[in-house]
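Asks: Just so we're aligned: the sequence shown equals residues 1034 to 1420 in the working numbering.
Don't read these hints as lab results, they were simulated from the structure.
Computed from a predicted model, the values in this text were never measured in an experiment.
We treat Cβ as the ideally placed atom computed from N, Cα and C, and that holds for glycine.
One should not assume that every hint holds.
[Unchecked claim] Okay, derived cross-link-like pairs now, DSSO-like style, lysine-lysine, Cα gap no bigger than 30 Å in a straight line:
1. Lys1132 with Lys1078
2. Lys1110 with Lys1132
3. Lys1078 with Lys1292
4. Lys1110 with Lys1150
5. Lys1132 with Lys1292
6. Lys1150 with Lys1132
[Unchecked claim] What follows is a set of in silico ranges between Cβ atoms, one per label pair, in the way DEER data are often shown:
7. Ala1120 with Tyr1089: 19 to 27 Å
8. Leu1147 with Ser1267: 48 to 56 Å
9. Arg1342 with Lys1110: 25 to 33 Å
10. Glu1061 with Gly1338: 21 to 29 Å
11. Ile1121 with Leu1064: 18 to 26 Å
12. Leu1048 with Gly1164: 23 to 31 Å
13. Gly1284 with Phe1168: 43 to 51 Å
14. Asp1068 with Gly1164: 19 to 27 Å
15. Ile1121 with Ala1071: 24 to 32 Å
16. Phe1036 with Val1159: 21 to 29 Å
17. Phe1283 with Val1327: 17 to 25 Å
18. Ile1121 with Ser1267: 46 to 54 Å
19. Phe1113 with Ile1282: 43 to 51 Å
20. Asn1289 with Leu1147: 38 to 46 Å
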Amino acid sequence: MLFNFCWMVYFGSYLGLCAHLGYVPLLEFMLHGGDASAMRADFYKVTEMPWIFFAYVQSIFNKGFVPFAIVAVFLIKSRFQAFVRLAIISFLLVSAFEKALITWAYIPLFIYFLSAKRFRDFWYAVMMFVGAFVFVSLVSLKSDLTLSDASNTAMPATAQRSEHSATRMLDTVRRELVGVPPVQVASLADQHSYQFMFYDLDRPDGVAYMVNRLVWIPFVTAYDTLLYWQLSSSGSMLHFSTNRHLSRIFGLDFANLEKQVFMFQFKSGEETTGNSNAFYVAEAYVAFGLVGVVLFSILIGLMFGQIIRGGVAPFVCAIPIVALGLISVSLISTLFSGGLFLLVMLAFMLTRPLGRARARVPALADWRLQAEGRPGLPRAAPSSGRC
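Using the sequences and the hints given, assemble the complete structure.
Replies: Put into structure tokens, the structure is as follows:
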């Protein structure tokens, strides 16, 4: 009952955002063109009630419910019904130009299929994922190229040179204001192609891009977050001001680190809609120092450990993608708007109903023990939904 209710809430919040916007972003783009990035921002970044409620529900459920719920569907529904549900979820995410959330939805399912040795279903899911990811990437690229061509046509070369000179002048003024000597690098962004340590822009490579994104970008962001905090706050702890809602509860000014660090890195103005990544260790340090880093890490370990000890496949398979998300999102944000608290609560409340599925398909932890040659739970016959 609770599981089905969560699905209804998820679909209802999506329809609510579409009602607020007046259209489905992907369909609007296909019919009339436009800026895909702006449509995505308009879809999720609403500020008025009651629409903001739907946006928060989407944010929480996309990361705290969908990753484990899709795996659960493949456990308790027939194979056909499960793939239909997966196709519907894929369309919803693609329709809002979501590449990252498509990855969040599919990776736990990949882990489950491999652990249960459902290799045919694994390859079907891979094809669906690649198709959805490539489609939304091409749509976004087409939008960016169209806007770039229009911008270059409208802006003469002399204006572009003037803009570049103004950017360098502002960079010099920024260094003088913060008291940084000209020979000292104020940010990694001051280095040429600083975001691409492991990726050669002249020789595009998908694997190198992923390595750069997963390994280098979190380090760059953590570096610039600590540097911005040191320059703007003189090393004073920010405490609960790093989170919008907790800052209101404790009467503090919201630091809005993600936006401020993005502006610091790319020298953009207040009107920017961009946000930097927020490695949870950097957030913990600027908020509470080394003690915060230790406490945040212990909290993460306790939550993940409790879910893994439960041994229920849908929740165990969702842990890796949640852990991966923490290298680019703050822990406090992940707990609330990122859906981690919802995931932990549902793991507690739904363990008994979903526990029946463990008799049919082994949990990931049980499969790992068997693979290492140690005794684990005996494997049983596949569910009736598998063919």
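Asks: For each hint, tell me whether it holds in the structure or not.
Replies: Verification of the hints:
no.	hint	verdict
1	Lys1132 with Lys1078	holds (17 Å)
2	Lys1110 with Lys1132	holds (26 Å)
3	Lys1078 with Lys1292	holds (14 Å)
4	Lys1110 with Lys1150	holds (18 Å)
5	Lys1132 with Lys1292	holds (21 Å)
6	Lys1150 with Lys1132	holds (27 Å)
7	Ala1120 with Tyr1089: 19 to 27 Å	holds (26 Å)
8	Leu1147 with Ser1267: 48 to 56 Å	holds (50 Å)
9	Arg1342 with Lys1110: 25 to 33 Å	holds (26 Å)
10	Glu1061 with Gly1338: 21 to 29 Å	violated (45 Å)
11	Ile1121 with Leu1064: 18 to 26 Å	holds (21 Å)
12	Leu1048 with Gly1164: 23 to 31 Å	holds (24 Å)
13	Gly1284 with Phe1168: 43 to 51 Å	holds (46 Å)
14	Asp1068 with Gly1164: 19 to 27 Å	holds (24 Å)
15	Ile1121 with Ala1071: 24 to 32 Å	holds (26 Å)
16	Phe1036 with Val1159: 21 to 29 Å	holds (26 Å)
17	Phe1283 with Val1327: 17 to 25 Å	holds (21 Å)
18	Ile1121 with Ser1267: 46 to 54 Å	holds (51 Å)
19	Phe1113 with Ile1282: 43 to 51 Å	holds (47 Å)
20	Asn1289 with Leu1147: 38 to 46 Å	holds (40 Å)
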